[in-house]
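If you read the sequences in order, they're chains D and W. Counting along the first sequence from 1, when you hit position 218 you're at 217 in numbering that gives the first Met the number 0, and nothing is skipped either side. Counting along the second sequence from 1, when you hit position 91 you're at 90 in numbering that gives the first Met the number 0, and nothing is skipped either side.
Treat each hint with caution, since some may be false.
Under the rule of at most 27 Å between Cα atoms (straight-line distance), these lysine-lysine pairs were calculated in the DSS-like manner [as the list claims (entries may be wrong)]:
(1) D:Lys304 to W:Lys78
(2) D:Lys113 to W:Lys42
(3) D:Lys95 to W:Lys24
(4) D:Lys266 to D:Lys140
(5) D:Lys35 to D:Lys482
(6) D:Lys257 to D:Lys289
(7) W:Lys24 to D:Lys415
(8) W:Lys24 to D:Lys140
(9) D:Lys415 to D:Lys381
(10) D:Lys19 to D:Lys35
(11) D:Lys113 to W:Lys78
(12) D:Lys140 to W:Lys78
(13) D:Lys335 to W:Lys42
(14) D:Lys20 to D:Lys113
(15) D:Lys266 to W:Lys78
(16) D:Lys381 to W:Lys24
Please keep in mind that the hints were generated in silico from the structure rather than gathered at the bench. As the structure is a prediction and not an experimental result, all values here were calculated from the model.
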Amino acid sequence: MSSEVFFKPITELGSLLAAKKISSVELMQAVLARTKAIDSKVQAFNSFDEADALAQARASDERRAAGQAGGPLDGIPVGIKDVISVAGQPLTASSKMLANFVSPYDATATRKLKAAGAICWGRLNLDEFAMGSSTENSAFKTTCNPWDLTRVPGGSSGGSAAAVAAGEAVAALGSDTGGSIRQPAALCGVVGLKPTYGLVSRYGLIAFASSLDQIGPFGRTVEDAAILLGAIAGHDANDSTSFKAEIPDYRAGLAKRKGPWKLGIAKEYFAEGIDPEVNAAVQSAIAHYKKLGCEIREISLPHTKYAVAVYYIIATAECSSNLARFDGIRYGHRSKDATDALDIYFKSRAEGFGPEVKRRIILGTYVLSSGYYDAYYLRAQKVRTLIRRDFLNAYQEVDAILTPTSPTPAFKRGAKADPLAMYLCDIYTIGVNLAGLPGISLPCGFSKSGLPIGLQIIGQPFKEADLLAIARAYEQGHDWHTKHPTL
Amino acid sequence: MSQPADLNLDHVANLARLALTPGEKARFSTQIGDVLVYIAQLKEVDVSGVEPTAHAFPLFNVWAGDVPQPGLPVELALKNAPAQRDHMIAVPRVVE
């Protein structure tokens, strides 16, 4: 075989499985062996259940032997961020608060993956409750970037991105509230897709900021991301914000949708703070689209500079409300020192939450508190309208927008101790969540020091099929996605 | 850095039901103060006549049919409870 089996994309593995050149058990064993060999360095997993993973693989092989194999995901190990429920498996959100929590049921995305025959594989590390951009806020471990172990994998879905990059999972699910799929995908050199708000059910995803959160896929290729999105998208009565959108065949759409497209370049996304190597890589991606016959138009998203400020009001407000459920009474950590009910709340939350979660709960409580609501929360919601309007105006002219995913390649662990500096990492991804749009990050080069660089493409609402086709058009002319870290 | 005079950390932490150590109070007060200074740039945006956005694609009146559905068995629903007795969650006495 041309490369190790754990570095192959779903599409290739699907053919090998269908041709019975490899069994799902053999594939799972290869991924297990890889994980056992290198995860002490990468630290992508909070935990994994070997027996359960192999049992799922055996079930897939039995389906295939009986002529009942499902689609391309049948028998493929898909890693799951430890904030998405898998029945009977731990669900920690990388928090002491949920250190011993076991999911009583499947998230809808998980249920759909299982229905497609995928193996729900392991519990992948994240910033506690998905709050962070480096996975350093995990209460359990710091995941390392497989391309340079002294650097962060990005976050909050750092475990998902690192596992796919390192060959510890063929693909993975993450969640994205302000860039938590796209930014780690960029920093780890894999493909990450944040779907339109409402396309994928949030049922069974631990809520951080409910008006922004979306589950989405990580893959080695755009086609793998398309296959996974097709499996998890669709209306779900268990999520009242789930949209009744028609779900096209995303994978088939890749071949059908050929462009040329009108692509927008927003000058606000190439302003101060962008690393010169990131800028150069994205400019050369833009040049590639031009060569393909796409029309490149300069556009303006004038409220871009307010996106981080708006986000840290709205996201923290929603988080302070969502995380009120962790009170030490019904589930989660309960302080042993508490004497009465109120004392349980104060002490359990103090002991269970880490510093970033506490900061955000306090900030969110403050901006919602009496006397400050209008000045902060209501004003932020109005600026959110303006940010969204900027995008919708741009889409009168262009099909999609090209930007860098992250202003810099992966930074050193411990380099951003100041919370505000960390928040500014998400400057190019946050607007997409505020506007509810789909966005994809795909590899578009490497820095001189060998760190991956990501191209972000922002699409129109519910037009993931076009977004994926545009991404694929770039990918087909490059081989960045075939490179793997040496570990 | 500068700190907004009106961030009363004790009051807000009490609203959030969060006990903070003196060290946390000192750190958070500076860090959250910095973020609030950064956030203050939103004051320069003209939002007159602009409607607030709570959801990018708001859906209204999402109803579910009033049909009985199987729920979680009691044992499973209580599996993650920190303390339980006789199919109930055990808590300290709250009434005299």
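For each hint, the structure was consulted:
1. Among the hinted pairs, lysine 304 of chain D with lysine 78 of chain W is inconsistent with the structure: their alpha-carbon atoms are about 46 Å apart, more than 27 Å.
2. Taken as a hint, the lysine 113 of chain D and lysine 42 of chain W pair is broken in the structure, with Cα atoms around 48 Å apart against an allowance of 27 Å.
3. Straight-line distance between C-alpha atoms of lysine 95 of chain D and lysine 24 of chain W comes to about 21 Å, which keeps the hinted pair within the 27 Å bound.
4. Distance hint between lysine 266 of chain D and lysine 140 of chain D is unfulfilled; the C-alpha atoms sit about 38 Å from each other, more than 27 Å.
5. For a cut-off of 27 Å, the pair hint linking lysine 35 of chain D to lysine 482 of chain D stands: about 22 Å separates their Cα positions.
6. A hinted pair counts as satisfied when its Cα atoms are at most 27 Å apart, and lysine 257 of chain D with lysine 289 of chain D qualifies at roughly 14 Å.
7. The suggested pairing of lysine 24 of chain W with lysine 415 of chain D holds, with an alpha-carbon distance near 20 Å, which does not exceed 27 Å.
8. Taking the CA atoms of lysine 24 of chain W and lysine 140 of chain D, the gap is near 25 Å; set against the 27 Å cutoff, the hint holds.
9. A threshold of 27 Å between alpha carbons decides the hint, and for lysine 415 of chain D with lysine 381 of chain D the separation of about 30 Å lies outside it, so the pair is violated.
10. The suggested pairing of lysine 19 of chain D with lysine 35 of chain D holds, with an alpha-carbon distance near 26 Å, which does not exceed 27 Å.
11. A hinted pair counts as satisfied when its Cα atoms are at most 27 Å apart, and lysine 113 of chain D with lysine 78 of chain W qualifies at roughly 23 Å.
12. Restraint check for lysine 140 of chain D and lysine 78 of chain W: satisfied, since their Cα atoms lie roughly 26 Å apart, inside the 27 Å limit.
13. Of the supplied pair hints, the one linking lysine 335 of chain D and lysine 42 of chain W is violated, its CA atoms being roughly 45 Å apart against a limit of 27 Å.
14. Annotation: proposed proximity of lysine 20 of chain D to lysine 113 of chain D holds, straight-line Cα distance about 23 Å (limit 27 Å).
15. In summary, the hint linking lysine 266 of chain D to lysine 78 of chain W is not supported, as the alpha carbons are separated by about 53 Å, beyond the 27 Å threshold.
16. Between lysine 381 of chain D and lysine 24 of chain W, the direct Cα distance comes to roughly 31 Å. Violation of the 27 Å bound is thereby established for this hinted pair.
Of the hints listed earlier, those the structure fails to meet are numbers 1, 2, 4, 9, 13, 15 and 16, in rising order.
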